[in-house]
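Novice: The residues making up each chain are set out below.
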Amino acid sequence: MNRLQRVVIFGATSAIATAVARELAGRGAHLFCVARDAERLDDLLADLRVRGDDRDARRIHGALADLADVDTHAAIWEQASEALGSNIDAVLLAWGNLPDQATCDQSVEATLDALRVNGTSAIALLARIAPDFEARGHGVIAAIGSVAGDRGRQSNYTYGTAKGMLATYLQGLRNRLFFSGVDVVTLKPGFVRTPMTEGFNRTGALWAEPERIAHGILRAMQRGRDVAYLPWFWLGIMTIIRLIPEYLFKRLKL
Amino acid sequence: MTASWNRIPRVEHAAEVTLNARHQPLPTVPRPLLAHGMGRSYGDVCLNPDASLLHTRALDHFIAFDPEAGLLTAEAGLTLDALMRFSVPRGWFPPVVPGTRFVTLGGAIASDVHGKNHHHAGSFGVHVQAFTLRRSDGSVLNVTPGDTPDWFAATVGGLGLTGLIETVTLQLAPVRSAWMRAWSERFDSLETFWELDARAEREWPYTVAWIDCLNPGADGRVGRGIYSGARHATTEPAGRGYRERLRGVPLDPPVSLVNRLTLRAFNHLYYRQPVHPTPRAVHHLPWLFPLDAIRHWNRIYGRRGFYQYQCVLPPQAARDGVQALLDTIAASGQGSFLAVLKRFGERPAPGMLSFPRPGATLALDFPEQGGTTRDLFAHLDAIVTEADGALYPAKDARMSPALFRAGFPRWEEFASFVDPEFSSGFWRRVIA
Numbered sequence: 001m002n003r004l005q006r007v008v009i010f011g012a013t014s015a016i017a018t019a020v021a022r023e024l025a026g027r028g029a030h031l032f033c034v035a036r037d038a039e040r041l042d043d044l045l046a047d048l049r050v051r052g053d054d055r056d057a058r059r060i061h062g063a064l065a066d067l068a069d070v071d072t073h074a075a076i077w078e079q080a081s082e083a084l085g086s087n088i089d090a091v092l093l094a095w096g097n098l099p100d101q102a103t104c105d106q107s108v109e110a111t112l113d114a115l116r117v118n119g120t121s122a123i124a125l126l127a128r129i130a131p132d133f134e135a136r137g138h139g140v141i142a143a144i145g146s147v148a149g150d151r152g153r154q155s156n157y158t159y160g161t162a163k164g165m166l167a168t169y170l171q172g173l174r175n176r177l178f179f180s181g182v183d184v185v186t187l188k189p190g191f192v193r194t195p196m197t198e199g200f201n202r203t204g205a206l207w208a209e210p211e212r213i214a215h216g217i218l219r220a221m222q223r224g225r226d227v228a229y230l231p232w233f234w235l236g237i238m239t240i241i242r243l244i245p246e247y248l249f250k251r252l253k254l
Numbered sequence: 001m002t003a004s005w006n007r008i009p010r011v012e013h014a015a016e017v018t019l020n021a022r023h024q025p026l027p028t029v030p031r032p033l034l035a036h037g038m039g040r041s042y043g044d045v046c047l048n049p050d051a052s053l054l055h056t057r058a059l060d061h062f063i064a065f066d067p068e069a070g071l072l073t074a075e076a077g078l079t080l081d082a083l084m085r086f087s088v089p090r091g092w093f094p095p096v097v098p099g100t101r102f103v104t105l106g107g108a109i110a111s112d113v114h115g116k117n118h119h120h121a122g123s124f125g126v127h128v129q130a131f132t133l134r135r136s137d138g139s140v141l142n143v144t145p146g147d148t149p150d151w152f153a154a155t156v157g158g159l160g161l162t163g164l165i166e167t168v169t170l171q172l173a174p175v176r177s178a179w180m181r182a183w184s185e186r187f188d189s190l191e192t193f194w195e196l197d198a199r200a201e202r203e204w205p206y207t208v209a210w211i212d213c214l215n216p217g218a219d220g221r222v223g224r225g226i227y228s229g230a231r232h233a234t235t236e237p238a239g240r241g242y243r244e245r246l247r248g249v250p251l252d253p254p255v256s257l258v259n260r261l262t263l264r265a266f267n268h269l270y271y272r273q274p275v276h277p278t279p280r281a282v283h284h285l286p287w288l289f290p291l292d293a294i295r296h297w298n299r300i301y302g303r304r305g306f307y308q309y310q311c312v313l314p315p316q317a318a319r320d321g322v323q324a325l326l327d328t329i330a331a332s333g334q335g336s337f338l339a340v341l342k343r344f345g346e347r348p349a350p351g352m353l354s355f356p357r358p359g360a361t362l363a364l365d366f367p368e369q370g371g372t373t374r375d376l377f378a379h380l381d382a383i384v385t386e387a388d389g390a391l392y393p394a395k396d397a398r399m400s401p402a403l404f405r406a407g408f409p410r411w412e413e414f415a416s417f418v419d420p421e422f423s424s425g426f427w428r429r430v431i432a
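If you're matching them up, the sequences are chains A and B in order.
Okay, so the first sequence: first residue is 1 according to this note's numbering, each after it adds one.
Okay, so the second sequence: first residue is 1 according to this note's numbering, each after it adds one.
Bound conformation, chain A alone (with noise of 0.2 Å):
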């Protein structure tokens, strides 16, 4: 079991990323939390130091950093180094949008943008972290991809192009750092109940509440996974869509 005793949460304010940062401080983990608005890592930081009990802040630290310019990157990794030490047990990467699929058809800007926001910069920040981690020989990186990175659909084939993208990439990142005795764990939850996906019809069994998901990702942490579907049943949907012969699946309207 990987312990989660001090963890960097990337992208802390997104709905699963807070559930599972409320998870940890309530287990009394080093939480070093980093998001875009001000106000918002404010208000979680305050949320985790009451579940933590850590009215002195001397286990929940944040910083603000807009992680989709990976500019930032050199010094949140820093800070976030100093603020937790160096024994520094998991990472989680965690921020992302759901970009509009039919802006990006009509958008080479947006489409890449997309792909910057979901993809590259999240490989830019794993490039930098994994030689601390190879050097230091434990550890845990864990990432949120999705299951629309498992198949290209006319629907959000930009967003699972950045997703597959990432996935492909900790597919990798995982054979080189298993020398190094490192956990690479790539998660893919399916439909969540968070404000990404606000606005599409979200009753049905297929949804899932960000806590249950939060749950399922400390789970594949501690136990170093390699990849873990969220909830488990997507497995099964996805590895029938990826057995769809392409001839048939480029003819549905998925």
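Calculated from the structure, these hints are not laboratory results.
Do not rely on the hints blindly, as some may be mistaken.
[As the list claims (entries may be wrong)] Label-pair ranges, simulated between beta-carbon atoms:
#1 A:215 / B:235: 28 to 34 Å
#2 A:100 / B:12: 20 to 26 Å
#3 B:30 / A:246: 40 to 46 Å
Just so it is clear, CB atoms sit at the ideal spot from N, CA and C, and this is done for glycine as well.
Based on these hints, arrange chain B on the given structure of chain A.
Specialist: Structure of chain B alone, referenced to chain A:
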């Protein structure tokens, strides 16, 4: 489609948005607005047909907690469930909890909810130390009972109509255990209920009675049941953990599973369940929230949904009035799994529209059966009116404007505090 817990009425909204952070201006969606938390009320106090809902579930951050004083400040979308997961292990309990813990703090204020400890603790609003209220004119009011008593009295029990409740400061009650000492006893008539209640109320802070509303008791009239009392335990039972066994109703049956046959059988069996006259250790979850263990229990009534009928009758009318209500229900043959009788205490509720008041409150569920259900309610309304009683807005989908105004005589005073850009299906219905 957002519905309330009993799924009546079914309405469409012009817009529904989730509020993600406080310190934000009210969103630019069609007016009027209404905050919607967990949607556990029964009817249209939490609905705003053809207008907009502001979902508050993501406004669920803790803000501050003083572990010595038990004073908690949190955003109004925090549920009592989340609050208790945090506070009970630290020795603090919500001062008042309704029959489900899946309600938000904002909702608990808006309906000024009561619990089985009303005769000791009063209503929820009694324990609210402060809250912030965002108004459509852009102002944010810091409301306390001492400094702004009028806004406090308007918003507690104010059905979310005075603006958006953003943060809440609540005084919690100290407990030494997550367990309770609880007992139960059968009573064979309403007469015996009143005797039991008079004996139990002083010593037992939590009391409630379940009534068999179909099968007659010793005196030949409906009114037998089971009385339960409890208090927080001072110790944990040795070696006993507790894990809530969750069950669920996985889908909507095409027709209600609640009918004459199942009701009569259920009520009979429930009455015959083993009782425990000697106090024993029971975890607080099954004692306070027995139905929370059955997720989606509202589905047993089928797609048509159901009504809850909850009234309060003043002390002088309570004995005869409750018997008359039960006689009427029994004669109609439409009964309820959940007939709950409780005597409210004397502690005044702080809100202009607060429901709890001295007297007895009776709550029952009825499957929607169209005209027969409406006829029954007309008879029950007549008894409540005659007794100078009131119906609980949070449990209502059909009371008349006249009945509302009679039960809540301060409604006109209250109306002057309603935010001009807030409204609800309920409000438009009873003010029409």
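Novice: With reference to the structure, classify each hint as holding or not holding.
Specialist: Hint check results:
no.	hint	result
1	A:215 / B:235: 28 to 34 Å	holds (31 Å)
2	A:100 / B:12: 20 to 26 Å	holds (24 Å)
3	B:30 / A:246: 40 to 46 Å	holds (45 Å)
In this structure, none of the earlier numbered hints is contradicted; all agree with it.
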